[in-house]
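Participant: These are the residues of each chain, in order.
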Amino acid sequence: MADPGPVHPTPGGLTPALPPPAGGPGPSSGPAEELVEFGVAVRSQWRLVLGRFLRHRLAVASLVVLFLLVVIAFLGETLSGYDYGRPSADATGSSLAPSTDHWFGTDAIGIDVFAQVQRGAQRSIEVALLVALFSTSLGALVGSVAGYYRGFIDAALMRVTDLFLTIPTLAVLLVVANRYRGSQANWLVLVFVISGLAWMPLARLVRGVALSLREREFVEAARAVGASDARIIFRHILPNCLGPIIVNGTLVVAGAILTETALSYLGFGIQPPDVSLGSLIGSGVPAANTRWWLFYPPGMFLLLFCLAVNFVGDGLRDAFDPQQSRVRA
Amino acid sequence: MSPVLEVRDLNVSFNTPDGVVQAVRGVAFSVEEGEVLGIVGESGSGKSVSVLAAMGLLPRSARVTGSIRYRGQELLGLTEAELRSLRGGKMAMIFQDPMTSLNPVLTVGFQIAEAVETHRPGTKRDAALAKAAELLDLVGIPNARERGRQYPHEYSGGMRQRAMIAMAIANDPDILIADEPTTALDVTVQAQILEVLETVQEATHSAMVLITHDLGMVAGVADRVSVMYAGRVAETGSVFDVFAHPRHPYTLGLLGSLPRLDQAGGEQLVPITGSPPSLVHPPPACAFHPRCRFAQPVCSQETPLLRPIEGTAQRSACHFAEDMEAVPTP
Amino acid sequence: MAGFILRRLAISIPLIALASFLVFVLVAVSGDPLGELRSNPSITEAQIEARRHELGLDRPLMTRYVDWATGVVTGDFGRSAKDNEPVVDKLGRAITVTLRLLGGALSLAVLLGVAIGVAAALKQYSKFDYASTFFAFVFFSMPVFWLAAVLKDAGIRINQLIDFRLFFTIGEKDPTVVGGFLTVFGDRVGHMILPVLTLILIQVAGWSRYQRATMLDVLSADYVRTARAKGLSPGKVILRHTLRNALIPIVTLVAIDFGLLMSGAVITETVFAWNGMGRLLVRGLLDRDTNVVQAWLLVSAAMVVLFNLLADVAYGYLDPRIRRG
Chain A
1 MADPGPVHPT PGGLTPALPP PAGGPGPSSG PAEELVEFGV AVRSQWRLVL
51 GRFLRHRLAV ASLVVLFLLV VIAFLGETLS GYDYGRPSAD ATGSSLAPST
101 DHWFGTDAIG IDVFAQVQRG AQRSIEVALL VALFSTSLGA LVGSVAGYYR
151 GFIDAALMRV TDLFLTIPTL AVLLVVANRY RGSQANWLVL VFVISGLAWM
201 PLARLVRGVA LSLREREFVE AARAVGASDA RIIFRHILPN CLGPIIVNGT
251 LVVAGAILTE TALSYLGFGI QPPDVSLGSL IGSGVPAANT RWWLFYPPGM
301 FLLLFCLAVN FVGDGLRDAF DPQQSRVRA
Chain B
1001 MSPVLEVRDL NVSFNTPDGV VQAVRGVAFS VEEGEVLGIV GESGSGKSVS
1051 VLAAMGLLPR SARVTGSIRY RGQELLGLTE AELRSLRGGK MAMIFQDPMT
1101 SLNPVLTVGF QIAEAVETHR PGTKRDAALA KAAELLDLVG IPNARERGRQ
1151 YPHEYSGGMR QRAMIAMAIA NDPDILIADE PTTALDVTVQ AQILEVLETV
1201 QEATHSAMVL ITHDLGMVAG VADRVSVMYA GRVAETGSVF DVFAHPRHPY
1251 TLGLLGSLPR LDQAGGEQLV PITGSPPSLV HPPPACAFHP RCRFAQPVCS
1301 QETPLLRPIE GTAQRSACHF AEDMEAVPTP
Chain C
2001 MAGFILRRLA ISIPLIALAS FLVFVLVAVS GDPLGELRSN PSITEAQIEA
2051 RRHELGLDRP LMTRYVDWAT GVVTGDFGRS AKDNEPVVDK LGRAITVTLR
2101 LLGGALSLAV LLGVAIGVAA ALKQYSKFDY ASTFFAFVFF SMPVFWLAAV
2151 LKDAGIRINQ LIDFRLFFTI GEKDPTVVGG FLTVFGDRVG HMILPVLTLI
2201 LIQVAGWSRY QRATMLDVLS ADYVRTARAK GLSPGKVILR HTLRNALIPI
2251 VTLVAIDFGL LMSGAVITET VFAWNGMGRL LVRGLLDRDT NVVQAWLLVS
2301 AAMVVLFNLL ADVAYGYLDP RIRRG
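Residue numbers (this note's numbering), protein chains in the order written: chain A, 1 to 329; chain B, 1001 to 1330; chain C, 2001 to 2325.
There's no promise every hint is true.
[What the hints assert, rightly or not] Quick list of in silico lysine-lysine cross-link-like pairs, DSS-like style, CA-CA up to 25 Å:
(1) 1090/B <-> 1124/B
(2) 1090/B <-> 2236/C
(3) 2236/C <-> 2082/C
(4) 1124/B <-> 2236/C
Hints were generated in silico from the structure; no laboratory data involved.
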């Protein structure tokens, strides 16, 4: 299930990043083909990746759609001219069906729904992007340190990772969010807690790559030249994990937005008077049958956003690590 | 006596995003009853693809033309069902990597028994398992009965390859094709496996095609040898003839790049310059001419065909094969 | 094999114990059961203190934990702060409801996911493959709560259209239905259709894609080539040499996703107004009913651990390589 689980954007995902441990098959997203040694190889490799990505028409189209959605979300009132928090100034009425004045109609107290969807989208996307940033950074760090140092540090870090993986995300989120219910700082707490529960798959992935990379000669060479461990990790190992990191980060965005909206739907996420796509859907559910414009637009936006993110993520994954078994879209 | 396997004018090509790969271009060879044919060549020379074509194990994207005859019967064009009755029965094959060639979730004994059951329908499971134990014993696996009940991960690499051999000979094949059987194994184990192959060949009197890039192995085991390059046969003949009197510059180059124990020492190894050819755009006419130190203009204009060389029992695909006599063997 | 199971069992118990401690600490620091009282101006400090003492909240954390834990081991999860009912009774009722949803959804989703994935792999690049891929993407990107509500709305609209209560959209049962086993069973199942469908659609999306990729890898494995080289018929090759191998990785994935499935069930229940674990948790949180929340978290953690144990056993059965371990 994708929603309350930025924890697992990839295993449940559309092509496995979780290498099947047995039975013969072994799909894997291996490290970048060309290594970053003197900066020269990088440029041509990126061009290769970009070229492969551009060949996926669906991924490119999704990227365009994504861009449009984000622009709409962040343009705020300038698009519709209405305020998401107040009944519309022209006070034309409440619960109006969509019209040329109010593209998504108005809600029970006359607030323009399009403006609400915009604001909700903005907040939800903000949360998702921050979660992607934090969890990716944390996951990459833990993974690279574990893979590089191996031994006790690796074992300890992996035990912690495994422990975190068994935590039921939604339940814990609910318990923590409950404490901050009613507070506008809620969303920030959510960002941290969701991030704290989403970094593990990437840590595993990066660790695998780091383990294989540390045996390569260029690491030995760097050490011989006297490079510090930190330098080796940041300048040699992590750059070669960029593929999985970027793919994972993209997919985490989808997972995170689904988690946040689920929480907001239940009333524990972004608090009123601010809105999230989840809270909009939440208030729209009872009206789904009679006033569909309160319920379907925010849901469609969310679905479209996640779909686009997932297509882009899949395209990126194939661009970094092409495999024959993918369905070409 | 008709040869057990006769390949004539075999062409295999694949459609790939980068173009059409011509893996095999007009290859011919034959194997007589009970003899061992070695096929030698570097990676990409088409040796594996040729035999996979004979077994009918190529992917559906492969285009195969030519003639492959088993005991006079044409194989290309047979239905899948007809091919299947031969595969694993009279024509058997073992592959390069024993670590991945056995199914990890089934016992070794079962996998061998399966081969028996498939070609002798009506065989009871117990009887098949008993035969499997016999075969494991023949290939040198101790405690065959018990070992048969174990899983592949409980076997070492060498043992797995022995089990593969046992599987291949389960139905007394007329011809056993071994595709680089020892490449993935340790050197010490290699010798053991070769011994097993020899034992097995003696016991079943089957013909054998041994594919390898290891010239030493061919010299020790094979009766005749075909040297392949870029999808074509460069030279073929008895092992003695070809190794002592090579009639193709490529063979010469291969032999020259090998260190020899019987030489005085101090002599330089002569590698073959250049790199293996592209199979999408192979060099025109003779595929070897860009790397050949005897190349003449005609080599890039006229394709040399595999032809018998007068005064010898060898055949070579070089315009200047007759002149090779004068070249000292390294 | 028995040793393998026992070893796994032995690890599970300390794991649940550790989880119980973490759960307790988490709940203790994230909520104040007396919050409501504190914000009420007409209640005095003394009354708050008295209540605090009554609930035992003035004792140190470890003492409270040990008390609670010893109670749990004997089956006593304390009483609800709201209506004083033993929490174990509340839990019992909620679990039986949710297990219906989980059991139905899980079994059907695994069957469908595997079947679709295998079929798509066997008919790679066919229309079926492309179609199932597209649907997988769509449902994988779907918010569970929205899908649940959409299905609920669809059910209502269809009911309205045909003027007949074909789809049940509220609750997990109709309390007025009495009668024999079959009547009651029919009623319960009828109420399960839409919620189970919600969960299945999303779960199958992810699992079928994974199964497809796994199956494709297995199909190109060396040992499959060996099987073909032996002369086995295509049917036997697939049945004997690919299916079992292809099932092994999905077991791991299902185990990992169990927690997500549970979260999905919690959310779906709230949409369809089921009286299951979902409602229990949300109400428990809103009412600041610490005993309920603690018990809930512990039980769900135990369920995850147990399910993982089951998955490990299945894995050990399927893959002989890990049985020693």
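Participant: Against each hint, give a clear statement of whether it holds in the structure.
Facilitator: Now for the hints, and whether the structure bears them out:
At most 25 Å may separate the alpha-carbon atoms for a hinted pair to count; residue 1090/B and residue 1124/B meet this at roughly 21 Å. Between residue 1090/B and residue 2236/C the CA atoms are separated by roughly 20 Å; this keeps the pair inside 25 Å, and the hint holds. With a C-alpha separation of about 61 Å, the suggested pairing of residue 2236/C with residue 2082/C is violated against the 25 Å cut-off. A threshold of 25 Å between alpha carbons decides the hint, and for residue 1124/B with residue 2236/C the separation of about 17 Å falls inside it, so the pair holds.
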